[in-house]
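Protein chains in written order, with full-length UniProt numbering: chain A, 1 to 426; chain B, 1 to 319.
If you're looking for bench data, these hints aren't it; they were derived computationally from the structure. Backbone N, C-alpha and C define an ideal beta-carbon position, used for all residues, glycine too.
Just the calculated beta-carbon pair ranges, DEER-fashion:
# : chain 1 : residue 1 : chain 2 : residue 2 : range
1 : A       : ALA225    : B       : THR223    : 20 to 28 Å
2 : B       : ARG134    : A       : GLU333    : 46 to 54 Å
3 : B       : ARG134    : A       : GLU363    : 31 to 39 Å
4 : A       : VAL98     : B       : LEU38     : 48 to 56 Å
5 : B       : LEU203    : A       : GLY294    : 38 to 46 Å
6 : B       : ARG134    : A       : ALA225    : 35 to 43 Å
7 : A       : ASP215    : B       : LEU203    : 32 to 40 Å
8 : A       : ASP288    : B       : ALA221    : 33 to 41 Å
9 : A       : ALA238    : B       : LEU313    : 21 to 29 Å
Heads up, simulated SDA-like pairs for lysine to any residue below, C-alpha to C-alpha not over 25 Å straight-line:
#  : chain 1 : residue 1 : chain 2 : residue 2
10 : B       : LYS208    : A       : ARG116
11 : B       : LYS208    : A       : ASP275
12 : B       : LYS208    : B       : TYR133
13 : B       : LYS208    : A       : HIS152
14 : B       : LYS176    : B       : LEU160
15 : B       : LYS208    : A       : HIS302
16 : B       : LYS208    : A       : PRO195
Residues on chain A that point at chain B, a partial pick, calculated with CB under 8 Å:
#  : residue
17 : VAL149
18 : ARG175
19 : MET184
20 : SER192
21 : LEU193
22 : ASN194
23 : PRO195
24 : PRO206
25 : VAL209
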Amino acid sequence: MSIIERALAKAKQEDRAAVEQAEGLVHRPQAGQDAQGAVAERTGDVADHPAVAAAVEAEIEPAALAPAPAAAGARRVRDARAAAPLLYVEDLRCAFDVSRPWLERVLAREPRRWLRAVDGVSFAIGRGCTFALVGESGCGKSTVARLIVGLHEPSAGRIVFDGRDVAEVRGSAERQQLRSRFQMIFQDPYASLNPRWRVERIIAEPIRVFGLERDEAAIRARVAALLGQVGLSPADGAKYPHEFSGGQRQRICIARALANRPEFLVCDEPTSALDVSVQAQILNLMRDLQDELGLTFLFISHDLAVVRHMADEVGVMYLGRIVEIAASRALFERPRHPYTRMLLAAIPDFSRRGRGDDAVRGEVPNPITPPSGCSFHPRCPLADARCRGEAPVLRELDDGRRVACHAVEEGRDTIEAGAEICTEVS
Amino acid sequence: MSTESPTPTTAAAPRGALARLLDSDLLHGFLRSPITVLSALIVLAILIAALLAPVIAPQNPFDPATLNLMDGFSRPMQANAFTGNVYWLGTDAQGRDLFSAILYGSRVSLLVGFAAVAFAAVLGIALGLIAGYRGGWVDSLIMRIADVQLSFPAILVALLIFGVFKGVVPPALHDKAAIYVLILAIGLSDWVQYARTVRSSTLAERNKEYVQAARVIGVPAPTILLRHILPNVMGPVLVIATIGLALAIILESTLSFLGVGVPPTQPSLGTLIRVGQDYLFSGEWWIVFFPGLTLLLLALSVNLLGDWLRDALDPRLRR
Numbered sequence: 001m002s003i004i005e006r007a008l009a010k011a012k013q014e015d016r017a018a019v020e021q022a023e024g025l026v027h028r029p030q031a032g033q034d035a036q037g038a039v040a041e042r043t044g045d046v047a048d049h050p051a052v053a054a055a056v057e058a059e060i061e062p063a064a065l066a067p068a069p070a071a072a073g074a075r076r077v078r079d080a081r082a083a084a085p086l087l088y089v090e091d092l093r094c095a096f097d098v099s100r101p102w103l104e105r106v107l108a109r110e111p112r113r114w115l116r117a118v119d120g121v122s123f124a125i126g127r128g129c130t131f132a133l134v135g136e137s138g139c140g141k142s143t144v145a146r147l148i149v150g151l152h153e154p155s156a157g158r159i160v161f162d163g164r165d166v167a168e169v170r171g172s173a174e175r176q177q178l179r180s181r182f183q184m185i186f187q188d189p190y191a192s193l194n195p196r197w198r199v200e201r202i203i204a205e206p207i208r209v210f211g212l213e214r215d216e217a218a219i220r221a222r223v224a225a226l227l228g229q230v231g232l233s234p235a236d237g238a239k240y241p242h243e244f245s246g247g248q249r250q251r252i253c254i255a256r257a258l259a260n261r262p263e264f265l266v267c268d269e270p271t272s273a274l275d276v277s278v279q280a281q282i283l284n285l286m287r288d289l290q291d292e293l294g295l296t297f298l299f300i301s302h303d304l305a306v307v308r309h310m311a312d313e314v315g316v317m318y319l320g321r322i323v324e325i326a327a328s329r330a331l332f333e334r335p336r337h338p339y340t341r342m343l344l345a346a347i348p349d350f351s352r353r354g355r356g357d358d359a360v361r362g363e364v365p366n367p368i369t370p371p372s373g374c375s376f377h378p379r380c381p382l383a384d385a386r387c388r389g390e391a392p393v394l395r396e397l398d399d400g401r402r403v404a405c406h407a408v409e410e411g412r413d414t415i416e417a418g419a420e421i422c423t424e425v426s
Numbered sequence: 001m002s003t004e005s006p007t008p009t010t011a012a013a014p015r016g017a018l019a020r021l022l023d024s025d026l027l028h029g030f031l032r033s034p035i036t037v038l039s040a041l042i043v044l045a046i047l048i049a050a051l052l053a054p055v056i057a058p059q060n061p062f063d064p065a066t067l068n069l070m071d072g073f074s075r076p077m078q079a080n081a082f083t084g085n086v087y088w089l090g091t092d093a094q095g096r097d098l099f100s101a102i103l104y105g106s107r108v109s110l111l112v113g114f115a116a117v118a119f120a121a122v123l124g125i126a127l128g129l130i131a132g133y134r135g136g137w138v139d140s141l142i143m144r145i146a147d148v149q150l151s152f153p154a155i156l157v158a159l160l161i162f163g164v165f166k167g168v169v170p171p172a173l174h175d176k177a178a179i180y181v182l183i184l185a186i187g188l189s190d191w192v193q194y195a196r197t198v199r200s201s202t203l204a205e206r207n208k209e210y211v212q213a214a215r216v217i218g219v220p221a222p223t224i225l226l227r228h229i230l231p232n233v234m235g236p237v238l239v240i241a242t243i244g245l246a247l248a249i250i251l252e253s254t255l256s257f258l259g260v261g262v263p264p265t266q267p268s269l270g271t272l273i274r275v276g277q278d279y280l281f282s283g284e285w286w287i288v289f290f291p292g293l294t295l296l297l298l299a300l301s302v303n304l305l306g307d308w309l310r311d312a313l314d315p316r317l318r319r
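Model the full assembly from the supplied sequences, consistent with the hints where possible.
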């Protein structure tokens, strides 16, 4: 159990008992129909917990409208509309031109070179759910976040927000209307606040840009309310960002992100720049706000412990592609893709002390010249000739998860190496 | 487990700008450096003297009616052989009081210096911001023009602009327009520095997350540039502008010395030096010496102030 997990557990003690049980019941693959009975059996008062009741209902009702089955996220699926995704992306691609300047390229007779940062990514996020993208540095997870909020233009593919293709939204008024419905929280709280602006001006910026409040008194009142909402004092609005600690700055970032009352928040590694003890506070704050405001999160992270506690559904990315998508609990309990297993096995664990850290083998290949076939094959213990020649596609398994791996598809993944890792992780 | 309290313990009320200035490292550092204080005092003295020239000056050196040819070539602090008048810094060939001429000359020099720096800074900052933020071919175009211009000495660029001006503007207007052309010429020869500095800072700021946060909510690019990026790139610009002021004053004097600057009827420090150097070998040293000394003190002090400002604003050099 990591420090974060312990901090989370401590902070959420009361609520957690019920929530954990609900999660456990719902996510257990065979829980299905008899979930209700199981709840009743275990403890009478847990079944009365509204979260449990709603979660059980959500699980029992088939949620099949989404391209990817909307994760039956136990904790937050309280909304009847949860089945329809708030956002889905289809075959999203983004390539960056990394060629040398034109003249040099022509003189050296080089072709253009492209870095395919995102190479055909598809996923869906249900309303009120948290979808996490995990992967090593450079796998394209942050690029996906940037594509969704419009900081980059996708080379191909569709981003559909609440039933509308984002690329088809024309006209600045409509675009602004769409923009006002999502927001982003950034990784580095030291760079994401303008050092020359007072906090109140920073938080009020979205309110002013979207014209949500007209008179200054109303803006001030709203800023004060936002500061209170994230656990800061309204008097802090008059200060400059450098007067705050990293955790407090991230709270300011969250307040700014909430200022235009968005429905959807893209969180690009929101806690990776923070102290471990502060991480838990920020994560708890985000969870509380999600429950309170019904927010939907796209959560980008490389920290699996954080993802485990935040996400309802997890997509594992490798070299610009998603290799496995599964409900959070299922993924952590029984990872299927060899890369997912490798990542999970790399989580430090005191019980495995002294056994060396050979879990992660090899390095991420150069994304400009990715390996042939399955791009993971140079590092994969299960790779064979087919893996080297043919790129696998995401295929749905019996338990609803989707995995892009020939070995899993052919049933070659039950060999001892994989099985061993699995048991260790759970 | 928790090291951070959600509400900051220091809930001090925002202090006024003056209070913060009085308590800042900047002021403490300033007072610790006697040379800087002296430079500031000299610049301040020359500024005030130039501003109040009509009040302080014993005579108006631009008004021929107040000049007496008999007073010509008076030595400093000595009574004139013909009239018995005493001039502190002596007079020139026309009997013009050099002290008054220097006061009025500093006015012209400072005016041209400030205006040229303002012009160069506005032009350079605007082009640098655009180049850094837009990137691509816009950036390449602006920066290649800057590179080409930088490969010529500033004085050549200024002379070229003056040559064009002489050819385009009718001769009757030459004297009237000379001072504006001077500002234009010096400004145009100096914008590159601002553009390069601002561009490189903009490149760094553009990718910071606070700019992206503004882009996510659809803040238009001009607003991002002016409200977000500009305040964060102004530090180095301030330093260049201070040093640039000294350079502009010297360039103005050089141009006036070469006879292409302001006309002799409204002499700047450079014009005074040019006029004075004709008499240098016949023993009338003061005509060139005092304007030269003033120019030296002014340029040196402004330069020292700029150096201090650069060190003070550079966090890496802070002790």
